[in-house]
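2 protein chains.
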Amino acid sequence: MSPIKLAIVGVGKIVRDQHLPSIANNPDFELIATASRHGTVDGVPAFTTIEAMLDAVPAIDAVSLCMPPQYRYEAAYKALSAGKHVFLEKPPGATLSEVADLENLAKAKGVSLFASWHSRYAPAVEAAKTFLANTNIQSAHVIWKEDVRHWHPNQEWIWQAGGLGVFDPGINALSIVTHILPPLFLTGATLEFPENRDSPIAADLHFKSGAGLPVHAEFDWRQTGKQSWDIVAETDAGQMVLIEGGSKLSVNGELKFSAPEAEYPSLYRRFAEIVKADVSDVDVSPLRHVADAFMLGKRKFVDAFYD
Amino acid sequence: MSPIKLAIVGVGKIVRDQHLPSIANNPDFELIATASRHGTVDGVPAFTTIEAMLDAVPAIDAVSLCMPPQYRYEAAYKALSAGKHVFLEKPPGATLSEVADLENLAKAKGVSLFASWHSRYAPAVEAAKTFLANTNIQSAHVIWKEDVRHWHPNQEWIWQAGGLGVFDPGINALSIVTHILPPLFLTGATLEFPENRDSPIAADLHFKSGAGLPVHAEFDWRQTGKQSWDIVAETDAGQMVLIEGGSKLSVNGELKFSAPEAEYPSLYRRFAEIVKADVSDVDVSPLRHVADAFMLGKRKFVDAFYD
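Going line by line, the protein sequences match chains A and B.
So for the first sequence, the working numbering puts the first residue at -15; every next one is plus one.
So for the second sequence, the working numbering puts the first residue at -15; every next one is plus one.
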């Protein structure tokens, strides 16, 4: 099979840092075009709109959409309508309804849609899933606390309505939780909104499973000093901790698994796999939990936030 | 086939007004038990909890769950786990995730789950669907404005987080919209919260379809005087209005269809149908739009509301 001829839409930091090296090192893909208002990639034909790109380069087989979620639907609709496979950066859309619509469109067009969740491909996630599948889980605690000023300096879109606020990193935790724990649903939530912003800066979430497993998640964007991206499970086989966003796994304080980070290379391997198998991979459960939290959550107002 | 032996959980106003007469007039059902903290039905064995009822009356084939949505999951989980068919009043749950979970459980147990949307069975809804399917729709406008003091006097739960506020009636409009219009998704929303309440009193919603059809919805709970539950569509065949919550259909001001209201009798006919056919009927799209509106919507604070 010749390489999948790929185009990227929305050339920004995540594309330079992650997508480009992963594509360059994967023989299943050949980058043949980009569309972006400002960004370009050396040696690759560049367009400023997806329409212009799709018109000018009919050889494109697939597109990766990497712009902010508020603008993703329209590009995905155009690409799928033109019969292209689509890779969606996380989250797959600004609403659940548009993702459902894209899923139907991909099916109708006979192309693959990939709603990617990069944190699910963190090195120790599968080891955690295997560990938890072989024991009885008593409870779980998710702690996702980071410094927004460090990770998202002056990114206005994350604070706009629909920008998700602290759920932008929190959805990474939820993408792991929905992969390694049984199905959960929210029973209560508190969202803290800075009085000058339309998105929450912190969230406290209580979930349980049908069988009653309690899961507590804390997301906070005001964490200075040590950053925390940990999932702790109390089990009959001891305390399991999935550390640093899924990088390492420890049980009862002992390191059990660690491997180099390779999330985006894994995502592109998965994308090639579903394109070849002629299927889609769209699990909306992390975004569904976020929507549920906004619907069910109690709003609390806290100090204004300035970058 | 002998009648489906039915139990009702949560005996309140909607049960007395709608469920009981519909069940009494439908030979497919026989009401054999109720569970409710306070309410009972004359001549029917009454229990105070669903657990006690399921234990005491193993002959129950199906249960209708009519308590507020915040308490519905647990009862549905118990009923489905016990192998009973389940009828969920609208909305089917407090979160989308719990509804997805119940749908999987019903499938695993080989029983039918019915997420009922009573407004979809309003008399003129099918006539509107047929009219719209045979013309080109240019735009649509949904006006759902009622007086909360009249319709929900002193109902505290509707104002709590998760109680949905003005989306409690608004979801009825959305259940019709998602049945008669092409798939839509939200592009922008403003939710107005009374400063002393956790749920919105008004919502302004802009949707569009993949093909670009614009749909505007206005929900307001502060309407005194004339109440409005109308869906207006501008089409190539003229202006269609679905009036009074789906009761009547007019085109260019001329009444085209009108019939007596029979929503709940239709719901129970549908429930019997899916139980006999051994399938479920769970369309979450109305609740998904509500969750999307909470996730995407801009919050605005308005005057405190007192009953």
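These are computed hints drawn from the structure, not numbers from a lab.
Predicted, not measured: the structure shown is a model, and the values here were computed from it.
Fair warning: there could be bad hints in the mix.
Copies of the same chain look alike in the list, so a pair counts if it works inside one copy or between any two.
[To be verified] Pairs of lysine-lysine residues, derived as DSS-like cross-links and limited to a Cα-Cα distance of at most 30 Å, are as follows:
1. K240 to K284
2. K74 to K260
3. K93 to K192
4. K62 to K232
5. K(-11) to K62
6. K282 to K(-3)
7. K282 to K192
Comparing the hints with the structure gives:
{"no.": "1", "hint": "K240 to K284", "in the structure": "neither (40 Å within a copy, 49 Å between copies)"}
{"no.": "2", "hint": "K74 to K260", "in the structure": "within (22 Å within a copy, 41 Å between copies)"}
{"no.": "3", "hint": "K93 to K192", "in the structure": "between (38 Å within a copy, 21 Å between copies)"}
{"no.": "4", "hint": "K62 to K232", "in the structure": "neither (40 Å within a copy, 38 Å between copies)"}
{"no.": "5", "hint": "K(-11) to K62", "in the structure": "within (17 Å within a copy, 51 Å between copies)"}
{"no.": "6", "hint": "K282 to K(-3)", "in the structure": "between (34 Å within a copy, 27 Å between copies)"}
{"no.": "7", "hint": "K282 to K192", "in the structure": "both (18 Å within a copy, 29 Å between copies)"}
When each numbered hint is compared with the structure, violations occur for hints 1 and 4.
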